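Participant: So you can see what is in the structure, the chains are spelled out below.
2 protein chains.
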Amino acid sequence: MTPLTGLPGPFLEAVQRELPADFLSTDAADLATFGRDWTKVHEPRPSALALPRSTDEVSRLLRLCSEHRVPVVPSGGRTGLAAGAVAARGELVVSLDRMRKMGPVDVLGATVRVEAGAVTEAVHQHVAPHGLTWPVDFASKGSSQVGGNIATNAGGVKVIRYGLTRQWVLGLTVVTASGTVLELNGALEKNNTGIDLRQLFIGSEGTLGIITEATLKLTRVPEALNVFLFAVPDLAGVLALFREARTGPFVVMAYEFFTEKCQARLRRHRNVRVPLSAPSDYYVLIEVERGEPEALEAWITSLFERGLVTDGTLAQHGAQAAELWALREGISESLSATGLPHKNDVSLPIQELEGFCSELESLFEARYPGWEIALFGHIGDGNLHINVMKPDDLTREEFLKRTHEADHAIFSLVKKYHGSISAEHGIGLLKKDYLPYSRSAEELAIMRSIKRALDPLNLMNPGKIIDV
Amino acid sequence: MTPLTGLPGPFLEAVQRELPADFLSTDAADLATFGRDWTKVHEPRPSALALPRSTDEVSRLLRLCSEHRVPVVPSGGRTGLAAGAVAARGELVVSLDRMRKMGPVDVLGATVRVEAGAVTEAVHQHVAPHGLTWPVDFASKGSSQVGGNIATNAGGVKVIRYGLTRQWVLGLTVVTASGTVLELNGALEKNNTGIDLRQLFIGSEGTLGIITEATLKLTRVPEALNVFLFAVPDLAGVLALFREARTGPFVVMAYEFFTEKCQARLRRHRNVRVPLSAPSDYYVLIEVERGEPEALEAWITSLFERGLVTDGTLAQHGAQAAELWALREGISESLSATGLPHKNDVSLPIQELEGFCSELESLFEARYPGWEIALFGHIGDGNLHINVMKPDDLTREEFLKRTHEADHAIFSLVKKYHGSISAEHGIGLLKKDYLPYSRSAEELAIMRSIKRALDPLNLMNPGKIIDV
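Chains as they are written, first to last, in our numbering: chain G, 329 to 796; chain B, 329 to 796.
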């Protein structure tokens, strides 16, 4: 084995002695790949990559890491957007890529046990023949892994219908910093026996332990879906329509909004057009389950009669539905392809959205006249994606400097309106400095005390979320 | 003020100085009422009762308790079945009875903010005019309080449809042992900013702090419901029918089972009868939403044709549905009225239920021949209520002694089949000694370290769940 910079010799000898020969890699391409997630802000500098094949191997590795004070970064599909899986300080990356096994589907209990390296989409395909699904679903499902989804409590476009990942996890196997293996909750729906330790690890971004296996809760594949696209005059209209959708003759699966500015970028990039007669400042996409055709038509008619929408369409078949979804799902890519977006992922109580967006607009008009803001999001769960686009007359550096200031102003507004600085992406390294906008000093103190209790040597993804 | 035994003089003087005149009570009737929950095993011995009117008063009180080392028992509606709210060691009981305010319903966000002393049923009535409900629902809803529901992560008969209380809590205000007020998560659906501290307090039975306010997540009142009653030959039949119900033409709201032995007790007590032509050993009650009449009839026909049920009925109107529900809901009362039941509330992975019940029966036949076991439960979520009835030829004392041994045997089986010794009632004082059957030594150690981090003086409901 090549000597590894940064890792203690006795640790390497112990790994060589106690774990398989191909357990560690220092291949430069591996380190470049496994040292980072989808963010580009921090330079990856992992010391090595570990590729365990079992919970037991993870446990043996972490016991050695603890003994030799080797910090680790747990690594899933690395699709994160908060630099939670970046090894920027010479950590050992522990990838779950070799742990992708999926057990038989328990149809009666509607559960499946998988290793944490199983890819989200592979889980969907594995359970689909039984008419079941794991309703954790988002654009990166082809790469993201179950363990990463759970460690970041992943969201997505179906949260209004199914909730976050947290709700779809029955049991966890977790290895803590000392190498202790915790079997949490098994496959039980109900288990009121003291503190639910599962909940600590869900969303803790690998700072308390490594999730190695999980028992997932499944649900029935939804019935036939319908997709609407509506034009509304303003954000108040988006919210008024949301109120109607809440009581519509169907179950809302997704309620997304985006602005004409987003569509202008999408047209430049993809040459696709909103299939409505005239452009509008705001659009709403609604996906629903279980609507009867006549009831849906009557509902649309009533919206027009009451002036709640200025235009609208209902997809007549799956291909049309996919075209409508492409108007929403192509936005993020188009913003990056046609300019330099600075992204924020905030959430607000739904009733505060209008006031927040109005002040946000005023703030940018006053301090950054001419800057373009592309707004879209999962309004049904209060999640707003704010994309500040680089003006042509600013250099990249000047833009990044000013968006840094802008973030403080945005997050001050988020705080004022009782929102969160990170709805679903998490904190990682990227939002760490801003955490006090969403969490009080007392909360941070408790988080630190829990971190110290579970990881006294601060070896688990150190420096992510909080410093201890 | 009368001198209070057990409370330090300087503490009483400080309370008198800093809190309202009617803040403390030592009235004997108050102490008898507020010192206990629905369990009868431990003698209540509270030193006094505190009745705060606000979060601020709770905070000031707990600061004084911390300063003067006064242990407290938080008290909600006291409908608990695990002695989690019993003040057996001279604690100060802190009742939320004066904190019952409910805020305006946020229809757009489908949330409502309430004080923790609000009664469950009052919340239902408060939000019903908006077509909304808080789907935390069980027999004691007329007395149980929101704070107690959350502190015990209450279950009930609709868990298969809606999940546990945990899923219906957006925000919490919690006062910790030091008097620190934590505002956790506000009214946000999505907030991925580090450890979700709400989850620590949900289900921790008042051992980490006092929940004083909550923002509840609401959902639409369900559409018209249908209720079936079926006879099946055995437990395997109960589970086979469950598999059919999972894929039936409707949404399952409740899937309950009970045995003929339960019905025999119900007939002795209430003289009500199962409206089926011949008695059967096992019955299943299923409540469903959104079934079309023809689809329901076709489904029933198919069950008969395939021999999955030996008899069955579908309630034709609300009164009939209520009669069917009474066959299930009257069981617990009838067991107590016609004998002495020793109750256990366990859960199992659904696919383990048959093996578990079969071994349970053998175990009792071998060790306690002639003892009667009345089984019923929310099979859809794996929750089994095991009621061991006192044989006529045993004294009460002998029976309690032998059920204590029986509990060890039952919980050993629960452990063998990967179940939980407490599905929904919690641990409190009653199940504390049995906790190692469900939680590993490593889990208990982490629970203790969290307890010490949040309550270093062990003043919050001391002795409940675990000793530290």
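In case anyone wonders, no lab produced these hints; they're calculated from the structure. Please note that the accuracy of each hint is not assured.
What the hints assert, rightly or not - In silico DSS-like cross-links for lysine-lysine, where the CA-CA straight-line distance does not exceed 25 Å:
# : chain 1 : residue 1 : chain 2 : residue 2
1 : B       : Lys545    : G       : Lys545
2 : B       : Lys743    : G       : Lys545
3 : B       : Lys486    : G       : Lys486
4 : G       : Lys743    : B       : Lys743
5 : B       : Lys760    : G       : Lys545
6 : G       : Lys545    : B       : Lys486
What the hints assert, rightly or not - Pairwise CB distance ranges (calculated):
#  : chain 1 : residue 1 : chain 2 : residue 2 : range
7  : G       : Ala552    : B       : Ala456    : 30 to 36 Å
8  : G       : His458    : B       : His736    : 34 to 40 Å
9  : G       : Leu436    : B       : Glu657    : 23 to 29 Å
10 : G       : Leu436    : B       : Asp761    : 43 to 49 Å
11 : G       : Leu436    : B       : Gly698    : 31 to 37 Å
12 : B       : Trp366    : G       : Glu620    : 34 to 40 Å
13 : B       : Ala456    : G       : Ala654    : 36 to 42 Å
What the hints assert, rightly or not - Selected chain G positions facing chain B (in silico; Cβ < 7 Å):
#  : residue
14 : Met430
15 : Asp434
16 : Asn481
17 : Ser506
18 : Gly507
19 : Leu510
20 : Leu525
21 : Pro677
22 : Ser686
23 : Glu687
24 : Asn711
25 : Ser748
26 : Ser750
27 : Ser777
Only a predicted model underlies this, so the values are computations on that prediction, with no experimental measurement involved. Ideal Cβ placement from N, Cα and C applies to all residues, glycine included.
Participant: Starting from the range 36 to 42 Å, see whether the pair alanine 456 (chain B) and alanine 654 (chain G) falls in it by beta-carbon distance.
Facilitator: With Cβ atoms ~41 Å apart, the hint holds.
Participant: Let me know if the C-beta of serine 777 (chain G) comes in closer than 7 Å to any C-beta of chain B, holds or violated.
Facilitator: holds (4 Å)
Participant: For the hint on glutamate 687 (chain G), just tell me whether its beta-carbon gets within less than 7 Å of chain B.
Facilitator: violated (18 Å)
Participant: Once the shortest beta carbon distance from serine 748 (chain G) to chain B is found, is it less than 7 Å?
Facilitator: Nearest chain B Cβ about 4 Å off; hint holds.
Participant: Let's test the interface hint: is any C-beta of chain B closer than 7 Å to that of asparagine 711 (chain G)?
Facilitator: With Cβ-Cβ at 5 Å, under 7 Å, it holds.
Participant: Is 43 to 49 Å right for how far apart the beta carbons of leucine 436 (chain G) and aspartate 761 (chain B) are?
Facilitator: violated (33 Å)
Participant: Minimum Cβ distance from serine 750 (chain G) to chain B below 7 Å?
Facilitator: Because about 5 Å separates serine 750 (chain G) from the closest Cβ in chain B, which is inside the 7 Å limit, the hint holds.
Participant: Do the beta carbons of tryptophan 366 (chain B) and glutamate 620 (chain G) sit within 34 to 40 Å of each other?
Facilitator: Since tryptophan 366 (chain B) and glutamate 620 (chain G) have Cβ atoms about 46 Å apart, the given range 34 to 40 Å is violated.
Participant: Just to be careful, I want the Cα atoms of lysine 743 (chain G) and lysine 743 (chain B) compared with a cutoff of 25 Å; is the pair within it?
Facilitator: violated (46 Å)
Participant: Under the criterion of a CB-CB separation shorter than 7 Å, is glycine 507 (chain G) in contact with chain B as hinted?
Facilitator: Violated, about 11 Å.
Participant: Mind checking the hinted window 30 to 36 Å against the Cβ distance between alanine 552 (chain G) and alanine 456 (chain B)?
Facilitator: Because 31 Å falls inside the window, the suggested range holds.
Participant: With a cut-off of 7 Å, does the beta carbon of serine 686 (chain G) approach a beta carbon of chain B closely enough for the hint to hold?
Facilitator: For serine 686 (chain G), the interface hint is violated, since the closest Cβ of chain B sits about 16 Å away, which is over 7 Å.
Taken one by one, the earlier hints fail for this structure at numbers 4, 5, 10, 12, 14, 17, 18, 22 and 23, listed in ascending order.
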